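Q: Construct the entire structure; sequences and hints are all you get.
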Amino acid sequence: MKNKKNLNYSKEHKKYLKQIKVDKFTTLVAQILLLVVFIGLWELLTSVGAIDAFFLSSPSRMINKLIDLFKDGSLFYHIGITLYETLIGFLIATVLGTLIAIILWWSRKLRKILEPYIVILNALPKIALGPVIIIWVGAGTGAIITMCVLICVVITTLSMLSAFLECDEDKISLMRSMGANKFQILTKLVIPNALTEFVSVLKINVGMSWVGTIMGEYLVSKAGLGYLIVYGGQVFQLDLVMASTLILCILACVMYLFVGILEKKVRKHKE
Amino acid sequence: MEDYLQLKDISLSYQTKEGEVLALKNVNFSVKKNEFVSIVGPSGCGKTTILSLISGLIKPTTGEVLLDGEHISKDMSIGYMFQRDNLFPWRTIYKNVTIGLELKHKKKDKESIQHVDDLLKKYGLYEFKNHYPSQLSGGMRQRAALIRTLCLKPKILLLDEPFSALDYQTKLSVCDDVHSIIKREHQTAILVTHDISEAISVSDRIIVLSKRPATVKCVQKIELDENISPLKRRESPLFPKYFDLIYRELSNEK
Chain A
923 MKNKKNLNYS KEHKKYLKQI KVDKFTTLVA QILLLVVFIG LWELLTSVGA IDAFFLSSPS
983 RMINKLIDLF KDGSLFYHIG ITLYETLIGF LIATVLGTLI AIILWWSRKL RKILEPYIVI
1043 LNALPKIALG PVIIIWVGAG TGAIITMCVL ICVVITTLSM LSAFLECDED KISLMRSMGA
1103 NKFQILTKLV IPNALTEFVS VLKINVGMSW VGTIMGEYLV SKAGLGYLIV YGGQVFQLDL
1163 VMASTLILCI LACVMYLFVG ILEKKVRKHK E
Chain B
237 MEDYLQLKDI SLSYQTKEGE VLALKNVNFS VKKNEFVSIV GPSGCGKTTI LSLISGLIKP
297 TTGEVLLDGE HISKDMSIGY MFQRDNLFPW RTIYKNVTIG LELKHKKKDK ESIQHVDDLL
357 KKYGLYEFKN HYPSQLSGGM RQRAALIRTL CLKPKILLLD EPFSALDYQT KLSVCDDVHS
417 IIKREHQTAI LVTHDISEAI SVSDRIIVLS KRPATVKCVQ KIELDENISP LKRRESPLFP
477 KYFDLIYREL SNEK
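Chains as they are written, first to last, in the numbering used here: chain A, 923 to 1193; chain B, 237 to 490.
No lab work stands behind these hints: they were computed from the structure.
Only a predicted model underlies this, so the values are computations on that prediction, with no experimental measurement involved.
Ideal Cβ positions, reconstructed from N, Cα and C, are used throughout, including at glycine.
Be aware that one or more of the hints could be misleading.
Stated by the list, open to error - Here are the simulated DSSO-like cross-link-like pairs (lysine-lysine), alpha carbons at most 30 angstroms apart as the crow flies: (1) B:Lys331 - A:Lys1104; (2) A:Lys1034 - B:Lys310; (3) A:Lys1104 - B:Lys295; (4) A:Lys1093 - B:Lys358; (5) B:Lys457 - B:Lys389; (6) B:Lys343 - B:Lys331; (7) A:Lys1104 - B:Lys344; (8) B:Lys261 - B:Lys310.
What the hints assert, rightly or not - Not everything, but these chain A residues come out facing chain B in the computed CB check (under 8 angstroms): (9) Leu1096; (10) Met1100; (11) Ala1102.
Stated by the list, open to error - Sample of chain B residues with no beta-carbon within 10 angstroms of chain A, all distances over it, derived: (12) Glu238; (13) Tyr240; (14) Gln251; (15) Lys253; (16) Val257; (17) Leu258; (18) Lys261; (19) Gly305; (20) Asp413; (21) Ile417; (22) Lys447; (23) Arg448; (24) Val455; (25) Lys457; (26) Asp480.
A: So this is what it looks like as structure tokens:
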């Protein structure tokens, strides 16, 4: 069908389509080139000794480090732990934040009462609560997940609440004129209406939950990528620090991609 | 014929920080069954408020609203159409149209389903029932919005400037469309509009409201052929005379 149509296109239109393709292609080439040049320069400068690989590590040393970690089985052990903490924190924060937002949407009075406290909680750098969390939850995985949840939950609540409140008054009146009760308005209108915003919140939370977990691991941990980074820093093993950071980048990217796929599905029927 | 809808001595005031605002004052009018009545008035005079009162969404301070001899209540089936179609973009046309049944837990009721299918077929939306609103034209969407309210077999239809968000050309054709569906389904309808020509072209009677606190200033009977479309009615020699009459009533208000 597409090819058939193509025959009828005017010369100008074909030129225009080609221009778009060329544009896309050159951008991609530039992006790849940038990465290759960056890695290449890094490797070159460290191997000729222009910069000290002890301070900056080097791509080849990072890969060797990763192979070592893989061989003694600790690579997937540390990845597993961090991934577990991040995913649990991400899930708890998203569900909890959305639930709190629903409650606040439901009760205008409660919303008014709690507003200043939420603003303060949002402004507070959550890392400051680190010592308190350790004392309350104990120095372990629990504390790391708590840190992760704390960092994500307030922003989730605020974003979801504003998405719920943005729901069109006319649509609410329409539902009421058809005899809908408040629960039906919530489940059939307000929540589905906020679905796109929900996906944006997921996107933000992907980033935030990694921040939370790594911060938690900096504070207390005996394993995980955050632990490897801190440990690597303390013993001046920059290869370990850089290699762990690289793994983090890849993991966060993959998680982001998953949310991206979800977003495409949701956006399909949004105007 | 008997009065089907009656507004008796309706007054409405609401509170603001600056004080009490009297929005409606002694509003009296009635609508007969199957009648098409328009309400026109200066902007901000409370036309929409009257529709909210009739739909039972708000209560009058004094006075009463009777529909078919009963006091208005939330359980009565009343159709409401807004400026925008307010179709939910995440639902298909069919799911949009049946949302009222869903709310009343009648989605599996055979008679209701049949009624929905009949309406969709009759008004040319059946083949689009699995489409999403964004795939339909403005006119078709407004028609879907009308069918959504008709599915609940409303006792009365309230139209709150349902054409004002459309461009002029579409507006005229959608107006014809909606008018003919309302007539074919033998619905009683009240249209709120600021467009005098539109009001004359569709109505049997026009109620002119005064500025705030609004009260009924005059009621103008429109004696144009009922059996032709609103667009055709615009061509009648009487049309400009009615326009003039109502225009003058409204200008006196400003």
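Q: Run every hint past the structure and note whether it holds.
A: Hints versus structure:
1. B:Lys331 - A:Lys1104: Holds: Lys331 (chain B) and Lys1104 (chain A) sit about 20 angstroms apart, inside 30 angstroms.
2. A:Lys1034 - B:Lys310: 29 angstroms, holds
3. A:Lys1104 - B:Lys295: 19 angstroms, holds
4. A:Lys1093 - B:Lys358: 26 angstroms, holds
5. B:Lys457 - B:Lys389: 27 angstroms, holds
6. B:Lys343 - B:Lys331: 10 angstroms, holds
7. A:Lys1104 - B:Lys344: 22 angstroms, holds
8. B:Lys261 - B:Lys310: 23 angstroms, holds
9. Leu1096: At about 5 angstroms, which falls below the 8 angstroms cut-off, the nearest Cβ of chain B leaves the hint on Leu1096 (chain A) intact, so it holds.
10. Met1100: It holds, given that the least Cβ distance between Met1100 (chain A) and chain B is near 4 angstroms, below 8 angstroms.
11. Ala1102: 5 angstroms, holds
12. Glu238: It holds; Glu238 (chain B) is separated from chain A by about 25 angstroms at its closest Cβ, greater than 10 angstroms.
13. Tyr240: Tyr240 (chain B) is indeed farther than 10 angstroms from all Cβ atoms of chain A, at 19 angstroms.
14. Gln251: The claim stands: Gln251 (chain B) keeps its Cβ more than 10 angstroms from every Cβ of chain A (closest is about 17 angstroms).
15. Lys253: 16 angstroms, holds
16. Val257: 19 angstroms, holds
17. Leu258: Holds: least Cβ distance 23 angstroms, greater than 10 angstroms.
18. Lys261: 24 angstroms, holds
19. Gly305: It holds; Gly305 (chain B) is separated from chain A by about 21 angstroms at its closest Cβ, greater than 10 angstroms.
20. Asp413: 20 angstroms, holds
21. Ile417: At roughly 18 angstroms from the nearest Cβ of chain A, Ile417 (chain B) sits farther out than 10 angstroms, so the non-interface label holds.
22. Lys447: The claim holds: Lys447 (chain B) sits with its nearest Cβ about 24 angstroms from chain A, beyond 10 angstroms.
23. Arg448: The claim holds: Arg448 (chain B) sits with its nearest Cβ about 21 angstroms from chain A, beyond 10 angstroms.
24. Val455: 26 angstroms, holds
25. Lys457: 29 angstroms, holds
26. Asp480: 34 angstroms, holds
The structure is consistent with each of the numbered hints, conforming to all of them.
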